[in-house]
Amino acid sequence: MRKVEPYGVETLPQVYAADRGTAGLAADRGTAASIDVPAAPATCRGALTERARLQWHLRDGGDPAALAEEFLAAHGLALHDLSRPATARHDGSGVCGAAFYLSAAAGAHLAGAPTTAPEPAPTLPDLTVVVYGHHQTPADPAGRPASAWWLGEWIESWTRRQHADAVTSVRAAIGRGDVYQTNLVGHAAARYTGDPLPALRRLGALPGARYGGVLTGDGWAIGCASPETLIEVTEGQLITRPIKGTRPATAAGRAELLASAKERAEHVMIVDLERNDLARIARTGTVTVDDLFTVRRWCDLWQAESTVRAAAADGLGLADLLRATCPGGSVTGAPKRAALTQINALEPVGRGASMGALGWVAPGRVDLGLTIRTAAADGQHLHTWAGGGITWDSDPTAEVAEAAAKTAPIRATLAGR
Numbered sequence: 001m002r003k004v005e006p007y008g009v010e011t012l013p014q015v016y017a018a019d020r021g022t023a024g025l026a027a028d029r030g031t032a033a034s035i036d037v038p039a040a041p042a043t044c045r046g047a048l049t050e051r052a053r054l055q056w057h058l059r060d061g062g063d064p065a066a067l068a069e070e071f072l073a074a075h076g077l078a079l080h081d082l083s084r085p086a087t088a089r090h091d092g093s094g095v096c097g098a099a100f101y102l103s104a105a106a107g108a109h110l111a112g113a114p115t116t117a118p119e120p121a122p123t124l125p126d127l128t129v130v131v132y133g134h135h136q137t138p139a140d141p142a143g144r145p146a147s148a149w150w151l152g153e154w155i156e157s158w159t160r161r162q163h164a165d166a167v168t169s170v171r172a173a174i175g176r177g178d179v180y181q182t183n184l185v186g187h188a189a190a191r192y193t194g195d196p197l198p199a200l201r202r203l204g205a206l207p208g209a210r211y212g213g214v215l216t217g218d219g220w221a222i223g224c225a226s227p228e229t230l231i232e233v234t235e236g237q238l239i240t241r242p243i244k245g246t247r248p249a250t251a252a253g254r255a256e257l258l259a260s261a262k263e264r265a266e267h268v269m270i271v272d273l274e275r276n277d278l279a280r281i282a283r284t285g286t287v288t289v290d291d292l293f294t295v296r297r298w299c300d301l302w303q304a305e306s307t308v309r310a311a312a313a314d315g316l317g318l319a320d321l322l323r324a325t326c327p328g329g330s331v332t333g334a335p336k337r338a339a340l341t342q343i344n345a346l347e348p349v350g351r352g353a354s355m356g357a358l359g360w361v362a363p364g365r366v367d368l369g370l371t372i373r374t375a376a377a378d379g380q381h382l383h384t385w386a387g388g389g390i391t392w393d394s395d396p397t398a399e400v401a402e403a404a405a406k407t408a409p410i411r412a413t414l415a416g417r
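Number 387 in UniProt numbering belongs to position 387 of the sequence shown; there are no gaps in the numbering.
Treat the hints as calculated values from the structure; they're not laboratory data. Here the structure is a predicted model, which is why all the values come from computation and not from measurement. All C-beta atoms in this analysis are idealised placements derived from N, C-alpha and C, irrespective of residue type, glycine included. Heads up, some of the hints might be wrong.
Here are the simulated lysine to aspartate or glutamate pairs, EDC-like style, with alpha carbons at most 20 Å apart [said to hold, decoys possible]:
id : residue 1 : residue 2
1  : 336       : 314
2  : 262       : 395
3  : 336       : 291
4  : 262       : 63
5  : 262       : 235
6  : 262       : 119
7  : 336       : 156
8  : 262       : 272
Pair ranges (Cβ atoms, derived) [unchecked claim]:
id : residue 1 : residue 2 : range
9  : 417       : 254       : 31 to 39 Å
10 : 404       : 314       : 40 to 48 Å
11 : 234       : 255       : 50 to 58 Å
12 : 345       : 314       : 47 to 55 Å
13 : 172       : 268       : 46 to 54 Å
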């Protein structure tokens, strides 16, 4: 692994943009009110200041997993052996932890899969690591100036017919034996004026948003309302909670989801994939499945969720953890590499901030959500993504409708409805 050179580190003061319309975004740093990173400890939120930042794009080359682990170690967060409980905790003046973001494209890169689809929001980095410490002096409570908010019409990157045709293409690939399941994701963008951060922050309050919060940088911002755990590491235990299977959040919808042979088969296939991913980095014989196919609510939808856990192998570092788990199985398919190749061929644009990893890392702890139900802003547009897993039994019309149902609460919240 190559050394992280000084040019890869930015020590950043408070930065606020005078004009937050379509002219662009500035990194939201430094004040207690501005730190709202998904999975950050409740005792830390609102009491953090940024110490250092690493941002990386695929075009920069290199191994993002190795870069992240090295950068964190260089700033007091050594995550070289996650099998051991943390021996030290942050104090009132030292490093507390770090926000961590890895894009779906970076995950595909780690898996050796192609990533040639054009990105709809190229300003977004593919890796961001932001190291935080506690304030040594009282934080400035001043918030951001309010501005008028307007959100335009959502423009889809593919039509409903193109989406349905892609579902048909996946079914044909399943019939040939190329894949067992592939997750297809669509994208939409809408122009905005005003400050997008209040809108993105509202996502974190949606019911069921286990990983609610925001991460910002110069010219971009990500807002997350994800219910899904990509990977959690606590006291040497690995946990992933794949979600697969969706129905309306009604009594009838819940009963239908639990009774659906199609949804259960699709779900179990992904659980098996996640078991295999964890087995690569776990102590032999420790992988178990808890609470198979339970029902969990997100907004007005029921979702099927399982919990897979294992004991981390001795010497497991952050880089190997990321290589084994990214991108998440529930948003790729099985076999993962073949599904990623098909995704790259069928989806008209890249997945941007969606279907990646976003959360918090600290001594002995990793907690990363899978960035489903996630939106992003660049200087002119808000972006959303949504999709679902395709199996042989999938109905193209139903799959298009399911993707729309998943993104509807996100778009309504962004609009302020």
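Are the Cα atoms of residue 336 and residue 291 separated by 20 Å or less? It is violated: about 24 Å lies between the C-alpha atoms, which goes past 20 Å.
Against the range 47 to 55 Å, how does the distance between the Cβ atoms of residue 345 and residue 314 compare: consistent or not? 39 Å, violated
Hinted pair, alpha-carbon criterion (20 Å max): residue 262, residue 63. Please report holds or violated. 38 Å, violated
Kindly confirm whether 46 to 54 Å is satisfied by the beta carbon distance between residue 172 and residue 268. Once the Cβ atoms are compared, 23 Å apart, the range 46 to 54 Å for residue 268 and residue 172 is violated.
Given pair status - residue 314, residue 336, alpha carbons within 20 Å: 25 Å, violated
Proposed proximity, residue 272 with residue 262 (alpha carbon, max 20 Å): Satisfied, since the Cα-Cα distance of roughly 16 Å is no more than 20 Å.
Agreement of residue 262 and residue 395 with the hint, judged by alpha carbon distance not exceeding 20 Å: With a Cα-Cα distance of about 11 Å, the restraint between residue 262 and residue 395 holds, given a limit of 20 Å.
Within 50 to 58 Å: is that where the Cβ-Cβ distance between residue 234 and residue 255 falls? Once the Cβ atoms are compared, 34 Å apart, the range 50 to 58 Å for residue 255 and residue 234 is violated.
Starting from the hint 31 to 39 Å, judge whether the C-beta atoms of residue 417 and residue 254 obey it. Check failed, 26 Å falls outside 31 to 39 Å.
Residue 404 paired with residue 314, Cβ distance criterion 40 to 48 Å: Given a distance of about 46 Å, which is inside 40 to 48 Å, the answer is holds.
If you draw a straight line from the CA of residue 336 to the CA of residue 156, is it 20 Å or shorter? 26 Å, violated
Need the status of pair residue 262, residue 235: alpha-carbon distance at most 20 Å? Violated, at about 36 Å.
Comparing the model with each earlier hint shows violations of hints 1, 3, 4, 5, 6, 7, 9, 11, 12, 13; every other hint is respected.
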